[in-house]
Structures are given as C-alpha cells and as structure tokens.
Amino acid sequence: MSLITDLALFVDNAARTATAIPQLTDSNPNITMDDAYAIQALSIAQRRARGETRAGYKMGLTSRAKMVQVGVDEPIWGRLTNQMREVEGAVLSKKKYVHPRAEPEVAYLLKRPLEGKVSALEALDAIEAIAPAIEIIDSRYANFKFALPDVIADNSSSSGFYIGNWHSKDTDVSNLGILLEVNGRAVQIGSTAAILGNPIRSLVMAAEMVSRSGERLEAGDIILAGGATAAHALSVGEHIRATFEKMGQVEFVVGE
Amino acid sequence: MSKVENIKKAADLLYAASTSGQACEPIRTLLDEGDLDAAYKVQEINTKRGLEAGRRLVGRKIGLTSKAVQNQLGVGQPDYGMLFADMARTEAEEVKLSDILQPKVEAEIAFILKHDLENPDLTMADIFQAIDYAVAAIEIVGSRVKNWDIKITDTIADNASSGLYVLGSSPKKLSDFDPRLCGMVMENKGEPVSVGAGAACLGSPLNATLWLAKVMAKAGFPMRAGDTILSGALGPMVAVKPGDVFDVKISGLGRVSAFFSE
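If you read the protein sequences in the order shown, they are chains Z and W.
If you're matching positions, the first sequence starts at 1 in our numbering and goes up one per residue.
If you're matching positions, the second sequence starts at 1 in our numbering and goes up one per residue.
Same shape as in the complex, but just chain Z (with noise of 0.2 Å):
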C-alpha cells in the first residue's frame, strides 16, 4: 500500500473511532496540499465503501482573519456524507467526536451542477434554497493542533452539520447577522459578510475548487459556505443555538 492510503486509512479510522491522532507531518512533513487532498479523496472513499452517501461539500478557511493566520490565500475544502448530518433540534452525541466544536454557518442547496470557473451570477442561478446551519467541526488531530496539509487530509475539520429550515433562493444573505448562544447567552456575534465578504464568493470558490479534484458540485447538494464566526468548544449539557437575522434558528442540545 501507499503511503497515501496508509494515511487516509489513519484518519478515517480516527474519525470513525472518534480517537484522537499525531499530526501526519510529524511524521511526513513532505506531504504537499495536493497529497492532503488525496488522502482526504480516499478516507472519505472508505466510509463510501460503508454506505455512507454524499450530501456535498464545505469551505473552511473563508475568512480574512482565518486565512492570515494559517497563512493562505484561498480557502480549504472537504466533503459531507448523509451519516454527517443531524437532526435539527436533535441531541448532538459527543462521544461521536473527539473535541467538537460549532460554528454558524451558511447553506446552499444547489438544483444544478456547478463546475470550474463560474460567475457568482451562475452560482445564484444553481441555488435551489438557502438555510441557517450549524456545523460541527472536529479535528481528529490531538488539541486541535495542526498544519495545512493535516488539516485538508482530515476532511478539513468537517464532521456534522444542522441545518434549518430552508429559505428562497432570493434571500439577500450577503450580510445577515448572527447570535451564537450557548444557554441563553451570546457567545459569538457576528455576520455572514464575514464569509469572504459575501458568501455567494465561497460557493464560486467550491465549484472551482472541487472541479480541481475532478468532481463537481451536483444538483442536491448541500454546500457550506464557511464559519461566520469562531467556533465554539462543546461540553456535555449545553443548549446551542444559532439564530440569523431573517432566518430564523438552528439548535440543538449537547449530550454524552
């Protein structure tokens, strides 16, 4: 075997066992951006290979404040599986995942394809609706302690989603604001104009993206378009809820 089966078999053990692993580059600091998203291609393969079914994609790294830290200049991606998503309102089991953390978010649900280098006019176009989502991110890597090519090769951080209900195509979300609260009290505030300035910009980006690794958006999936805020770490307990100005709430509560 590869190397880079070797790896993707790694990760995909950590996530399905929720166990916590050593950066890959400790121990392989030659492996490239284009390697990490190999591996990440064949990890996601082996939870295919289980029956999980694609939903569709998610950005992360969308914002100025993320990308200057980390040190890029174009977001990361990873992909979401049917076995990632939860049930608006439901009971998030913790145990499922290592160290999760939430974050509000955007969420497209496309009625096209979109491929390669589109126009935000084009990606409008492909939405079939918009919704407020949660997602919940999760590195499998010990204390959240990472480099880039880690990162992409652990399905960039991406391990559930909620999301809410769903709104027209037409919903102006260039500039939404959004309350995270974490039992009554605001923890995150913040705007969707945090997601690259407008988060019709990251689903430009995915169809670009994505096509690099000879896939494509497709007509039913459901695009994240990027953290709107910095996350938050969750304890057992804890009622989480997102709401969005104009569309409404995304919540759920932590448990065991």
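Read the hints as simulated data drawn from the structure, not as lab findings.
Here a beta-carbon is modelled for each residue, glycine too, at the ideal position from N, C-alpha and C.
No false leads were mixed into what you were given.
Under the rule of at most 20 Å between Cα atoms (straight-line distance), these lysine to aspartate or glutamate pairs were calculated in the EDC-like manner:
#1 Z:Lys66 / W:Glu187
#2 Z:Lys246 / W:Asp178
#3 W:Lys67 / Z:Glu181
Residues from chain Z shown here face chain W by an in silico Cβ test under 8 Å; the list is partial:
#4 Asn175
#5 Gly177
#6 Ile178
#7 Gly190
#8 Ala194
#9 Gly197
#10 Glu245
Derived coverage of chain W by chain Z (criterion: at least 3 residues anywhere in the stretch with Cβ under 8 Å from a Cβ of chain Z; other residues may be distant):
#11 175-185
#12 193-206
Using the hints provided, position chain W relative to the given structure of chain Z.
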C-alpha cells in the same frame, strides 16, 4: 494637591492636548484608581469649557458597550461622552487627520430622539416611543492620551475617547430593521475589516440607549428631543491610516462612509 485640584489639573491636561494636538500622559495617576465619579467630573469641566466657548451640545456617545472591551478595562458597565455639533462630518467631506488625535473607527447605529427623557425610571417602551429615527453611523474615536494608554478613568475623563462622527443619509424607523440581529460589515477600500451585529452592543443598541437615558436623567442632564445618540460599536474598532476609505453596511438600516485625508 487636593482632590479638586487634581481633577482640575487632569481636565487642563486633556484640554491642552486637544488644542495643541500633542497627546498627553495618562491622567489616571491624578485620580484614585477606579474613581469613575472623579473621572466624570474631569469630563464635565471640559464640557462646561466647551459650552462657555459657544459649542453646541447635540447628543451623547455610549462607549464600552462590548463585553470584550469591558473585560479589557475591568468594568461592568458602559461609559458616555458628549457630542458637540463641531464633531459632526458629512459623508461628502474628507475627514482631516489633523482634526483628531490617534483616530480609530467604529460602526454604530445612531438614534435621534423626538421626545425628552426626563424620568430616570424608564423602560424599553419609553425608548421605543422616544426614538424618532435610526441611521447608520461611523464614529471616529480618538484619544488625547499618548498611544491610547488608557484605563477606565482616562477614557471617561477624556470625553469617552470621542472625536468625530459621520451619519449616513437614509434615516429609518425603528420598525424598518432588526436592531438586535442586523448584520454589520465595515470595509476599507472593499476589504472587510470589521464584522458584527447589533447584539454586539450590550445585546442590542436599544439596551445601551436605555442605560444612557436612565443615567443622564438621574444625573440631571436628561436626553432631549433632537439629540443624537451614538449607541456603541457593532464590531471591533479599526485604526485609521492616511487615505483610508471606510464603508459601513448595516443590514436593513443602510450604509455610511467616511474617507480620510492623506
């Protein structure tokens, strides 16, 4: 020196800094640590000085409305400063850097009142009734204290670090937007530099306004019909460089811009 003399001296230092354009050392050493009353007395001396010189008082600004900033300064409440007519700029004019010491910008919601708020026993319903309209605003804060080396008493004494302000040009009714959930993005030449929402200001800019109106009524300087209230920042403040162009968009409320001299 006596306490009264120290308060006077602090006011003189800050006043001299504002007229000379040379920032002064922190004045907190002249006051007891955390003596907010004394700090407001310093502010009041310079307010009176302004009024005697013919400056027109047009409202108040509320500061320290974010939990993060309150924690940073070790206080559990906002503060306030005076707005004079000569601090107002329009969107169409260049803001001269020479008009303000160490400028930073904040995106805010401004409320303009149609009723006096004289009774200190106010509720939110009184605030709803008293607000004539709201408008997006950029507050250009400044500090007369060298390098913004401020503690709570420095900033209160220094008129809550107020400087200049710009109001947008499309006033809205309170029912036209969501003061708590409205998204805010401030861009500098198209680059988002500060992002937030109404709730970042004490849970809602209306909460801050209620706090101010109560405090001012209790102090015997009630808010009056026609007054402008800069209710507090909706996102992190941003330092100003020569030539900067700031554009603030507040969802449902509109936009406001400010451009600075080279």
